[in-house]
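Novice: Below are the chains, spelled out letter by letter.
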Amino acid sequence: MKDKIYLKIPAKSEYVGVVRLAVSGIAARLDFSVEEIEDLKVAISEACTNSVQHAYEDGNGEIEITCFLSDKKLEITVKDEGTGFDVGVLGTQSQIEKSEERLGLGLGITFIKNLMDEATVHSVPGKSTEIHMVKSKK
Amino acid sequence: MVLNFNIEIEEKQDIPIVRVKGDIDIYTCPKLNKGMTEAIEGGHSSIVLDLEGIHYLDSTGLGIIAHTARTLSNKKGYVYIVCQQPQIRKIFSVSGLDKKNIRLFDTDSDVLSEIKG
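From first to last, the protein sequence lines are chains A and B.
The number in this note's numbering is simply the position in the first sequence, starting from 1, with 375 added.
The number in this note's numbering is simply the position in the second sequence, starting from 1, with 566 added.
Calculated directly from the structure, the hints in this document are not laboratory data.
It is possible that some hints are incorrect.
[Stated by the list, open to error] Not close to chain B: a few residues of chain A, all C-beta gaps over 10 Å, as computed:
(1) G463
(2) E475
(3) R477
[Stated by the list, open to error] Facing chain B, from chain A, some residues (calculated, C-beta under 10 Å):
(4) D414
(5) V427
(6) G501
[Unchecked claim] List time: in silico DSS-like cross-link candidates among lysine-lysine, alpha-carbon distance up to 30 Å:
(7) B/K641 - A/K387
(8) A/K447 - B/K587
(9) B/K587 - A/K383
(10) A/K454 - B/K666
(11) B/K656 - B/K600
(12) B/K600 - B/K578
(13) B/K656 - A/K448
(14) A/K387 - B/K642
(15) A/K502 - A/K377
(16) A/K383 - B/K597
(17) B/K656 - A/K454
(18) A/K387 - A/K473
(19) B/K597 - A/K488
(20) B/K597 - B/K665
(21) A/K473 - B/K642
(22) B/K587 - A/K387
(23) B/K578 - A/K473
(24) B/K641 - A/K473
(25) B/K666 - A/K488
(26) A/K448 - B/K666
(27) A/K512 - B/K578
(28) B/K597 - A/K473
(29) A/K387 - B/K597
(30) A/K513 - B/K656
(31) B/K587 - A/K488
Idealized CB from N, CA, C, for every residue including glycine.
Take these sequences, add in the hints, and give me the full structure.
Specialist: Listed below in structure tokens is the structure:
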């Protein structure tokens with residue numbers, strides 16, 4: 376049986392650190408190692424940052440974070456109901472160049488995939504984006 | 567999580583050293599950008615960014631560092647990062663930025679020795 380923890384935040388940059396702190400606490404509760412907790416902190420921040428930066432053009436909207444806890448792994452979904460995007464552009468040169476114009480790297484999703492054991496991005500243009508990720512204890 | 571984000575800029579051997587304390591994320595990276603921009607405004611070709619006082623860094627902060635490095639690359643300059651923390655170094659490694667004109671050192675003394683040659 377999995378325990379579920381649910382957070383909902385305004386899609387604003389000042390709340391990303393709050394989610395990072397919460398997920399860090401949840402991972403510590405599950406006895407993840409310090410290195411694994413650091414990986415989780417980056418992954419959850421990148422997912423929330425993606426929503427803050429891209430989801431809501433007028434800056435008004437919310438991000439839902441759901442954590443499923445089990446003995447051996449932590450599953451997290453980060454969902455917004457914003458503009459969505461074509462997942463096919465991820466990692467392309469034009470996406471990276473657009474990110475650089477905003478002083479970004481365009482590597483948020485790459486970071487998540489590198490630091491988590493599983494990561495999938497599902498987005499429906501004009502409707503929503505959901506990032507699902509899993510970290511298992513080593 | 568450190569709530570107090572702070573930047574101090576000093577100069578040694580004619581190179582600006584930017585020391586950062588706190589978490590570098592989407593919320594604080596505009597302040598990092600302002601500090602880095604101010605530090606190189608005087609025409610310096612390279613900069614030292616001391617990250618020993620930070621507890622967290624993600625792609626938003628790396629974007630600012632990469633932007634500064636691109637600006638300095640026109641002057642054949644470098645961004646010298648001071649950082650010993652494995653997790654922060656791992657972020658640089660995953661990004662691939664440590665292969666460009668961004669170099670990592672353990673201490674600012676190591677950087678200054680390198681520059682002095």
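Novice: Does each hint fit the structure? Answer for all of them.
Specialist: Here is how each hint holds up against the structure:
no.	hint	verdict
1	G463	holds, 20 Å
2	E475	violated, 7 Å
3	R477	violated, 8 Å
4	D414	holds, 8 Å
5	V427	holds, 6 Å
6	G501	violated, 24 Å
7	B/K641 - A/K387	violated, 36 Å
8	A/K447 - B/K587	violated, 34 Å
9	B/K587 - A/K383	holds, 28 Å
10	A/K454 - B/K666	violated, 34 Å
11	B/K656 - B/K600	holds, 25 Å
12	B/K600 - B/K578	holds, 20 Å
13	B/K656 - A/K448	holds, 22 Å
14	A/K387 - B/K642	violated, 37 Å
15	A/K502 - A/K377	holds, 29 Å
16	A/K383 - B/K597	holds, 26 Å
17	B/K656 - A/K454	holds, 27 Å
18	A/K387 - A/K473	holds, 21 Å
19	B/K597 - A/K488	holds, 28 Å
20	B/K597 - B/K665	holds, 25 Å
21	A/K473 - B/K642	holds, 24 Å
22	B/K587 - A/K387	holds, 22 Å
23	B/K578 - A/K473	violated, 36 Å
24	B/K641 - A/K473	holds, 24 Å
25	B/K666 - A/K488	holds, 22 Å
26	A/K448 - B/K666	violated, 36 Å
27	A/K512 - B/K578	violated, 45 Å
28	B/K597 - A/K473	holds, 21 Å
29	A/K387 - B/K597	holds, 16 Å
30	A/K513 - B/K656	holds, 18 Å
31	B/K587 - A/K488	holds, 28 Å
The structure is inconsistent with the numbered hints 2, 3, 6, 7, 8, 10, 14, 23, 26 and 27, although it conforms to all the rest.
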